[in-house]
Amino acid sequence: MNLILKTEVGFWNPIWFLIALLLIFFISYLIWLRGERGYRKGVQREAFFSGDPPPGERIQAKNLYWGFSEALMLYYKKVVGLHRGIVNDYVAWFIALMAIILILIAL
Amino acid sequence: MTLIEHAPILLIAIPLLAAFLTPIVGRVNSLLRNFEMIIALISIEFLAILLSYDVIRNGIRTYTLGAEIPGLTSPAGFPVRIILEVDAMNAFISLIASSITLIVAIYCLNFMKEQRILDKFYTLLLLLLTGMLGLTLTGDFFNLFVFLEILSVSSAALIAFYVQRGEALESAFKYMVISSVGALMVLFAIGLLYGQYDLLNMAAIADSIQGSFLDKVALTLLISAFLLKAGSVPVHMWKPDAYGEAPAPVSVLLLTSALVSLYVLFRIFTIFAINPVLLGWILAILGILSIFLGVSMALIQNNLQRLIAYSGIAEIGYIILGVGSGLVEFPSPTGFGFTAISGGLFHILNDTLDLGLLFLIAGAIFYLTGKRDLSIGGLAHSQPTLAVFFLIGMGAVSGLPPFNGFASKLMIYESVYYLNPLLAIIGILGSILMLAIFVKVFSAIFLGIPYDKELRKIPGSMLAVMGILALSIIFIGLFPNLVLESIITPATKALINPKNYIEAIL
Amino acid sequence: MLHNIPFIAVIVLIAIGLYGVLFKRNLIKIVMGINIIGSGVNLFLIELGYREGGVAPIFTSAPKLEMVLPTPQALTLTSIVINIAVVALMLSLVTLIYKHYGGIDSEKRRLKG
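Protein chains in written order, with the working numbering: chain A, 1 to 107; chain B, 1 to 506; chain C, 1 to 113.
Only chain A is shown next, with the shape it has when bound in the complex (with noise of 0.2 Å):
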């Protein structure tokens, strides 16, 4: 049985990535034994932010990219005015969409 998925110009197997990855694995295993010793357990729970004990309101997983989002707030902005929610505007959007490849198509 041929397990070894062929593209045109390259080739996956999974078997020998996993191997890899074990083997990977393994390394970092050893490196983590040398590691320190003498680590308190208990304290991993702790909020960490900088240094000091986190501020009163707890910033939660939802804000992570507001870097990201941020830096793109013009085409954030533009995008979400899009998507108004309106009815009206997905038929219009679908009426474009039959406009313009029936421009392409036809003409």
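Since the hints were made in silico from the structure, they are not lab data.
Yeah, the Cβ is synthetic: ideal placement off N, Cα and C, and Gly gets one too.
Fair warning: there could be bad hints in the mix.
[What the hints assert, rightly or not] Pair by pair, the computed Cβ-Cβ distance ranges are:
no.: 1; chain 1: C; residue 1: Ile84; chain 2: A; residue 2: Lys77; range: 20 to 28 Å
no.: 2; chain 1: A; residue 1: Glu36; chain 2: B; residue 2: Arg456; range: 53 to 61 Å
no.: 3; chain 1: C; residue 1: Leu65; chain 2: B; residue 2: Ser208; range: 21 to 29 Å
no.: 4; chain 1: B; residue 1: His381; chain 2: C; residue 2: His100; range: 53 to 61 Å
no.: 5; chain 1: C; residue 1: Leu65; chain 2: A; residue 2: Ala96; range: 41 to 49 Å
no.: 6; chain 1: A; residue 1: Leu33; chain 2: B; residue 2: Asn58; range: 57 to 65 Å
[Claimed, not checked] Taking lysine to aspartate or glutamate pairs in the EDC-like style, the calculated list, with each CA pair at most 20 Å apart, reads:
no.: 7; chain 1: C; residue 1: Lys112; chain 2: A; residue 2: Glu8
no.: 8; chain 1: B; residue 1: Lys493; chain 2: A; residue 2: Glu8
no.: 9; chain 1: B; residue 1: Lys371; chain 2: B; residue 2: Asp54
no.: 10; chain 1: A; residue 1: Lys6; chain 2: B; residue 2: Asp54
no.: 11; chain 1: B; residue 1: Lys493; chain 2: B; residue 2: Glu167
no.: 12; chain 1: C; residue 1: Lys108; chain 2: A; residue 2: Asp89
no.: 13; chain 1: C; residue 1: Lys99; chain 2: B; residue 2: Glu167
no.: 14; chain 1: A; residue 1: Lys6; chain 2: B; residue 2: Asp373
no.: 15; chain 1: C; residue 1: Lys112; chain 2: B; residue 2: Glu167
no.: 16; chain 1: C; residue 1: Lys108; chain 2: B; residue 2: Glu414
no.: 17; chain 1: A; residue 1: Lys78; chain 2: C; residue 2: Glu107
no.: 18; chain 1: C; residue 1: Lys112; chain 2: B; residue 2: Asp54
no.: 19; chain 1: C; residue 1: Lys24; chain 2: A; residue 2: Asp89
no.: 20; chain 1: B; residue 1: Lys440; chain 2: A; residue 2: Asp89
no.: 21; chain 1: C; residue 1: Lys29; chain 2: A; residue 2: Asp89
[As the list claims (entries may be wrong)] Computed list of chain C residues with no C-beta within reach of chain B, every gap over 12 Å:
no.: 22; residue: Ile34
no.: 23; residue: Glu52
no.: 24; residue: Val55
Position chains B and C relative to chain A; hints supplied.
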């Protein structure tokens, strides 16, 4: 073998019959109703497997309604009867549709607590399956329209299943408006084709099509209507509404029905083959736009199901990109074109599995906490199994190596790169962003301070079903070539050789 | 020119319906627009099957053999029934929306972005 001869019509008749049997049996006993429904779905699944096996081995199978052979036609010599036509491509799609419906039905046994409600739910679910299978198997244009409307009506009713929720009503209304306008455009296109050729059979029309202006108009209407049902970019806006507000298992079915409409789109595209290069480019560009817009909008969502819906738009984009760029070389796609198309079709399977798993997990989270947004946190402490399933789904949907998404995306990227490197680069960027999005979701829902409220237990049937999906994701990820050679390659060959499809009728 | 009048009527009907769907904010008017598009498409189908001087395609005791095409009539019948179901479902959704929010303005929506 008479069973296999009648399998195409049985695949449509059994769910239709079972749909209307369900409320009657439900009046008697809800346990009996569950039994009946599961038996019906399992027999459909069995028939779909049998049919696919037969079709892949023995070639195209046709079924003529009301006559013994398709050749028994009117004096003029063209087929007037409704003909169901199954080749490897349809069989593959019908296999996906029936399996996913079976999985969703088992999941819903415990997901919805009110047993009386489930009568109506299962009726609609079986009707939806009828619509999907009919849309897949039919070889007749008007029949296509009828099944499209069955699909729309039953999915709209399923979206608004909890009528006390205003948002669900609103999204169902939007879905209904947009899909009935689309379906009427399909009917108009069918009228245009009928007026010119006096035919309704898809293969027969494809045989005699001239490529006149009216044909092009009809093709445009059909393609844009099915793009609308699939939810590609400029007409994707109903999708986050519908997927986000429907009950989570219903979202899985909506996703499957979107993929079924994609199949119809590809079929119409290949058998008509009017201006395939340009249309292939249009599809590829719409695919890229879908990927880009889907991931960038998913990044700022706070409702879990809505977020998955946006990433579903991106996944649809990958399928359209792969198949579209393969169809650019249409009359005889070889090499990269063939790889692109089979990658796209492979991604149809992977997409249902990955996003289906994620939607079912979203449903389980809703079952546990009653929340749809991301402000949960710390669920991994009490629900480690769910967290592992989510990690698997996340890896698969963003195309991480050992999972199934990687294999199909690899094929798409590589072959699209030879069409145009820029398209492949945007596709890869989309995948990376997808991973970023789901990492955010994972940390928002599963990591952090343990969830403070007392949680119920997830019923075993729900967990089992999610486990089956996760296992098949891993299995396909580890042995992609097995699936590819046994199912996908025959399907691709059937899709790109429309001659066989046409000649089976005439 | 005279032959084309039904086809022009089809185009006009579809255009009126699309106008309703695109520019009216009242949900019931949107549903009406969809119904009008449906009527236009049905008229189109009927018109396709018309043969000049034809009679209804019923073979028993037909006065002559010149008949209009039966297939488009069957299609139209089916399509009318489907249209009724769709419109009924949409109107019931509108009723429920009105009960829930107390208004049927399409611009007052909760789902966006």
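Hints versus structure:
{"no.": "1", "hint": "C:Ile84 - A:Lys77: 20 to 28 Å", "result": "43 Å, violated"}
{"no.": "2", "hint": "A:Glu36 - B:Arg456: 53 to 61 Å", "result": "41 Å, violated"}
{"no.": "3", "hint": "C:Leu65 - B:Ser208: 21 to 29 Å", "result": "26 Å, holds"}
{"no.": "4", "hint": "B:His381 - C:His100: 53 to 61 Å", "result": "37 Å, violated"}
{"no.": "5", "hint": "C:Leu65 - A:Ala96: 41 to 49 Å", "result": "48 Å, holds"}
{"no.": "6", "hint": "A:Leu33 - B:Asn58: 57 to 65 Å", "result": "59 Å, holds"}
{"no.": "7", "hint": "C:Lys112 - A:Glu8", "result": "43 Å, violated"}
{"no.": "8", "hint": "B:Lys493 - A:Glu8", "result": "17 Å, holds"}
{"no.": "9", "hint": "B:Lys371 - B:Asp54", "result": "46 Å, violated"}
{"no.": "10", "hint": "A:Lys6 - B:Asp54", "result": "26 Å, violated"}
{"no.": "11", "hint": "B:Lys493 - B:Glu167", "result": "43 Å, violated"}
{"no.": "12", "hint": "C:Lys108 - A:Asp89", "result": "13 Å, holds"}
{"no.": "13", "hint": "C:Lys99 - B:Glu167", "result": "13 Å, holds"}
{"no.": "14", "hint": "A:Lys6 - B:Asp373", "result": "42 Å, violated"}
{"no.": "15", "hint": "C:Lys112 - B:Glu167", "result": "11 Å, holds"}
{"no.": "16", "hint": "C:Lys108 - B:Glu414", "result": "46 Å, violated"}
{"no.": "17", "hint": "A:Lys78 - C:Glu107", "result": "19 Å, holds"}
{"no.": "18", "hint": "C:Lys112 - B:Asp54", "result": "47 Å, violated"}
{"no.": "19", "hint": "C:Lys24 - A:Asp89", "result": "11 Å, holds"}
{"no.": "20", "hint": "B:Lys440 - A:Asp89", "result": "31 Å, violated"}
{"no.": "21", "hint": "C:Lys29 - A:Asp89", "result": "15 Å, holds"}
{"no.": "22", "hint": "Ile34", "result": "5 Å, violated"}
{"no.": "23", "hint": "Glu52", "result": "15 Å, holds"}
{"no.": "24", "hint": "Val55", "result": "19 Å, holds"}
When the structure is compared with the earlier hints, violations turn up for hints 1, 2, 4, 7, 9, 10, 11, 14, 16, 18, 20, 22 and for no others.
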